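Colleague: Below are the chains, spelled out letter by letter.
There are 2 protein chains.
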Amino acid sequence: MKRIMINELKNNMNEKVMIKGWIHRIRKLKSITFIILRDRTGMVQCVLNNKEIDISLMKLESVISIIGIVNNSNNKLNNFEVLVEKLEIINDFIGEMPIEINKDELEVNLDTMLNNRVLSLRHEKINSIFKIQNIIVQGFREFLTKEGFTEIFTPKIVAEGAEGGTDMFEVKYFENKAYLAQSPQFYKQMMIGAGFERVFEVGHVYRAEQHNTNRHLNEYVSMDFEMGFIENEEEIMDMEENLLRFILNKIDNDGKMYLKKVNGNLPVIENNIPRIKFSKALEILEIEYNKKDLDGDLDPEAEKLICKYAKEKLGCDFIFLTHYPRKKRPMYTMPYNEEETRSFDLLFRGIEITTGGQRIHNYEMLIKNIEYKELNKENYENYTSVFKYGMPPHGGLAIGLERITSKLLGLDNVREASLIPRDRTRLLP
Amino acid sequence: MKRIMINELKNNMNEKVMIKGWIHRIRKLKSITFIILRDRTGMVQCVLNNKEIDISLMKLESVISIIGIVNNSNNKLNNFEVLVEKLEIINDFIGEMPIEINKDELEVNLDTMLNNRVLSLRHEKINSIFKIQNIIVQGFREFLTKEGFTEIFTPKIVAEGAEGGTDMFEVKYFENKAYLAQSPQFYKQMMIGAGFERVFEVGHVYRAEQHNTNRHLNEYVSMDFEMGFIENEEEIMDMEENLLRFILNKIDNDGKMYLKKVNGNLPVIENNIPRIKFSKALEILEIEYNKKDLDGDLDPEAEKLICKYAKEKLGCDFIFLTHYPRKKRPMYTMPYNEEETRSFDLLFRGIEITTGGQRIHNYEMLIKNIEYKELNKENYENYTSVFKYGMPPHGGLAIGLERITSKLLGLDNVREASLIPRDRTRLLP
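Those protein sequences? They're chains H and W, same order as listed. Numbers in my numbering are just positions in the first sequence, counted from 1, shifted up by 25. Numbers in my numbering are just positions in the second sequence, counted from 1, shifted up by 25.
FYI, nobody ran anything at the bench for these hints, they're computed from the structure. Treat the hints with caution; some may be incorrect.
Treat identical chains as interchangeable: a pair holds within one or across any two.
[What the hints assert, rightly or not] Straight-line alpha carbon distances no greater than 25 Å define the calculated SDA-like cross-link-like pairs of lysine to any residue that follow:
(1) K413 x E149
(2) K329 x E167
(3) K150 x N140
(4) K329 x R300
(5) K197 x A184
(6) K171 x K281
(7) K333 x S410
(8) K55 x G340
(9) K336 x L436
(10) K413 x E441
(11) K171 x N278
(12) K156 x E167
(13) K101 x K286
(14) K202 x Q235
(15) K402 x T137
(16) K35 x N96
(17) K150 x F254
(18) K101 x G67
(19) K316 x L400
(20) K53 x S81
(21) K111 x N387
Just so you know, these numbers come straight off a predicted model, no measurement behind them.
All chains should be built: construct the whole structure from the sequences, respecting the hints.
Modeller: What follows is the structure, given as structure tokens:
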């Protein structure tokens, strides 16, 4: 007999079916017992006759198989239920349940949730986060593929660092010392020059940052793209705007069910996302919120305030800050003038979710900028040599998958949007 | 003026267009010069009047922009050409060309090809490899998503090893010692138990193997899936068969152009892929090829011979070998009897491209098997504890992306199917 998924039972009214899954709830009455069975597609109420089926050995979260008849019913879950004829325990739950996962809310703290990840993920509110994350990633790839981008896979074990060499995890690579890549920056630029022109990568990146905040992960998924033959950084922002619209639309189409479960509230990008200069943002912060003393970048409080401003004054959950100062941006960033660059951040609901911009494509300019940043150009020869071979004007960006997921769904901590997070202290599970 | 891609010029006959790309070839005659311009979509012949445009500064592989009229023409590339009105050099090629990339064949050895990766990838035969690799990955995801699988991202920095702890790269993780994951095995099993039931991951895995052969990479892309509520390993093989058919079909539909460039020859899976027991394969090898002395696994020569047998005697480019010996398979492998397991390899054109099978889902059986393998069960507590919480019967497999790409396209070395390979000695570019 073929297993039927719970979300398809509505097409099998009055028929005999086999369903399989986990025991979500057990409620024993005098003569009958209700079992809520849960599979990956949903839950269904099953009714057992206590005289016919021994339920004494049944435990929550055991894996079972049920054969029964789909019957009309009015219950909280569906307008049908399954009258059980046969029940088989496939694999028992052993021991005590470390956390209670069968309530409407999973009332445990973050560490307990993450320590018991296999159980906490069974909770439909937790599970739904990753169903939506799936749609975000699919949307990212689908949109960019349609726009002529090629997906690339670039090494995560690297000999030198893209962002200057600090905060990198060291790897013993046979007799050599290597590092885990902080970003695919160098490689995606190389692939522009290699003739792909437009590339994207979805992959892990590594930051050996010492702080342990609710916004940082030491290993996270970066959604990167890079495109050649651009006029300036405005084209990168245009592309991101359309990409975000596409992703939000896809969540709305394919993820409504999951969004409802997590009480997610999708932003709408009605008009263009506002673009204001970084220097202008500093003025706004000072005038509107008396926030001062920022040096070349926003701090977490300033990010929250400028997002508040964007929401209240400009009517948008997103805001692009542009023309970040040269002194704070990496050496590959295209200068705009002596002080500013053609780079931007995208902030969303209080946090930076994207850094991007136009890159330098001219070899001499790149060498000069490496010197300007007081870096040793010999360390970057493998990278810079590529710029001698005919590199088109280009730019790109990176979106942190866990950050955008957590902000879309209103999660308090970015770890909640990582299946198995790695942070300052967490190497397990 | 908006840039037109070369593959769209046919829709712009007799119109003025702007095209951009790299100078692929220059042929100067007395009064006119032919330039072949290359962009990511193709190549086009452009004709310049030597009196009107100074070509003295033009170099191969410089990035240029051309404005001209699309005109009827008979040339090797297209039935049109572009009569150049204006030519602008966007970014010059500097210095000497380290390799010649503008011939039909890129006649350089592998090391030179990889040392000059940004240039060698511009060659259309090399570039096409990765266009097809793209289709393989897309096909993998598309098929499995359709089959109800959820994409997962699991940590590559791990505290313990899935395959027993040898051949792992060590990472300094703050004050702790960690490793780079050899496979997502433990995590994808956990995600089955976490209620996703069916999961896949496309991501890097790491093997610190000392040997430096044409079939090994130390960092490669593994396409993994794992599915729950199976009866046995046959279902995993069935799923892989349908997956491969889907991918091959997708290459045939979307990748013909690239396949032609690399002279690729797609296999056809007409009937089912033959499945023979590993023990039977040993008999065949001895009887047919006098190949003996294999202990629990095939060596590279035996893999080639059994593939030859599959092709010549069974009419298939693929062959499943099943029921591998218990002593050689990892502790999580479901036993079939005292000596054999419910595991398999898929071999294709002389090489193993997949290892898979059913896994143990029962806690006690898992503990016993860890003891049978003489491993320390305390080391695996984080993993084994999950099996107390109601784990459905499950199994899965992993396909090496670079291997399947190289074998589909008849490449001699797996490195040719990696954009930027990492091997025993190669950490750059």
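Colleague: Each of the hints needs a verdict: does it hold here or not?
Modeller: Do the hints match the structure? See the list:
1. K413 x E149: Answer is between: at 20 Å across copies they meet the 25 Å cutoff, but 53 Å inside does not.
2. K329 x E167: neither (31 Å within a copy, 38 Å between copies)
3. K150 x N140: within (17 Å within a copy, 49 Å between copies)
4. K329 x R300: Cα proximity of K329 and R300: one copy only (16 Å, versus 60 Å across).
5. K197 x A184: For K197 and A184, the Cα distance is within 25 Å both inside one copy (11 Å) and across copies (15 Å).
6. K171 x K281: Both. Shortest intra-copy (24 Å) and inter-copy (18 Å) distances satisfy the 25 Å Cα cut-off.
7. K333 x S410: Classified as neither; 44 Å inside a copy, 45 Å across copies.
8. K55 x G340: Cα proximity of K55 and G340: none, with 58 Å in one copy and 63 Å across.
9. K336 x L436: within (19 Å within a copy, 54 Å between copies)
10. K413 x E441: Between copies, since 24 Å is at most 25 Å while 44 Å is not.
11. K171 x N278: For K171 and N278, the Cα distance is within 25 Å both inside one copy (18 Å) and across copies (16 Å).
12. K156 x E167: both (16 Å within a copy, 15 Å between copies)
13. K101 x K286: within (15 Å within a copy, 59 Å between copies)
14. K202 x Q235: both (21 Å within a copy, 16 Å between copies)
15. K402 x T137: between (47 Å within a copy, 24 Å between copies)
16. K35 x N96: within (10 Å within a copy, 61 Å between copies)
17. K150 x F254: between (43 Å within a copy, 23 Å between copies)
18. K101 x G67: within (13 Å within a copy, 59 Å between copies)
19. K316 x L400: Result: close neither inside a copy nor across copies, 32 Å intra and 59 Å inter.
20. K53 x S81: Within one copy, since 10 Å is at most 25 Å while 91 Å is not.
21. K111 x N387: Intra 73 Å, inter 22 Å, cutoff 25 Å: inter-copy only.
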